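In the numbering used here, the protein residues as written are 2 to 157.
The hints are simulated quantities; they were obtained by calculation from the structure and are not laboratory data. Please read all numbers here as calculations on a predicted model, not as lab measurements. Some clues are possibly wrong.
Dumping the calculated SDA-like pairs for lysine to any residue here, alpha-carbon to alpha-carbon at most 25 angstroms [said to hold, decoys possible]:
no.: 1; residue 1: LYS4; residue 2: LYS142
no.: 2; residue 1: LYS119; residue 2: PHE140
no.: 3; residue 1: LYS4; residue 2: PHE140
no.: 4; residue 1: LYS21; residue 2: PRO48
no.: 5; residue 1: LYS150; residue 2: SER71
no.: 6; residue 1: LYS88; residue 2: HIS24
no.: 7; residue 1: LYS130; residue 2: ASP14
no.: 8; residue 1: LYS153; residue 2: HIS53
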Amino acid sequence: MKKRPSFDDIYMDLAETLAKRSHCVKAQVGAVLTKDTRIISLGYNGPPTGTHNCDVEWPEEGCPRDSKGSCSLALHAEQNAILYAAKNQMALEGATLYVTLSPCIACARVIFTTGIKKVFFKDSYAAFKGLKSDEGVDFLKKFGVEVIKYEKQDNE
């Protein structure tokens, strides 16, 4: 029998492909929002549309840093996916988010507030940033959002 990919694998593969669209010099992150096995929004990290493309303006060092050492211009992949869905009046209550990097604490607050109920992440934001813990993951779990470290399936 032919092996069929799971929806989780399909959506995370898509998030990884979307990450390649990012103009960020420091990190490329992709996100897919789904509901009832249907894609409702997509996103990747980068500056707001109509501003700068960091890989064009600052190809060596990336955009200027903010006071915490993060990108001063970038929207996170989750933010872009959520904002696009909101702009298009898509209901996020009960949705699932697939993201290539676990949510930071600021994104976690937005994820929780919008009613997203499940988050799959591939890599750890804490490990990427050199932090002690994944604050965003901890926050989401504390308030009842199911958070799963994604592992590729070998489904049929």
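Here's how the hints hold up against the structure:
no. : hint            : verdict
1   : LYS4 / LYS142   : 33 angstroms, violated
2   : LYS119 / PHE140 : 13 angstroms, holds
3   : LYS4 / PHE140   : 36 angstroms, violated
4   : LYS21 / PRO48   : 15 angstroms, holds
5   : LYS150 / SER71  : 24 angstroms, holds
6   : LYS88 / HIS24   : 22 angstroms, holds
7   : LYS130 / ASP14  : 23 angstroms, holds
8   : LYS153 / HIS53  : 35 angstroms, violated
In summary, the numbered hints that this structure violates are 1, 3, 8.
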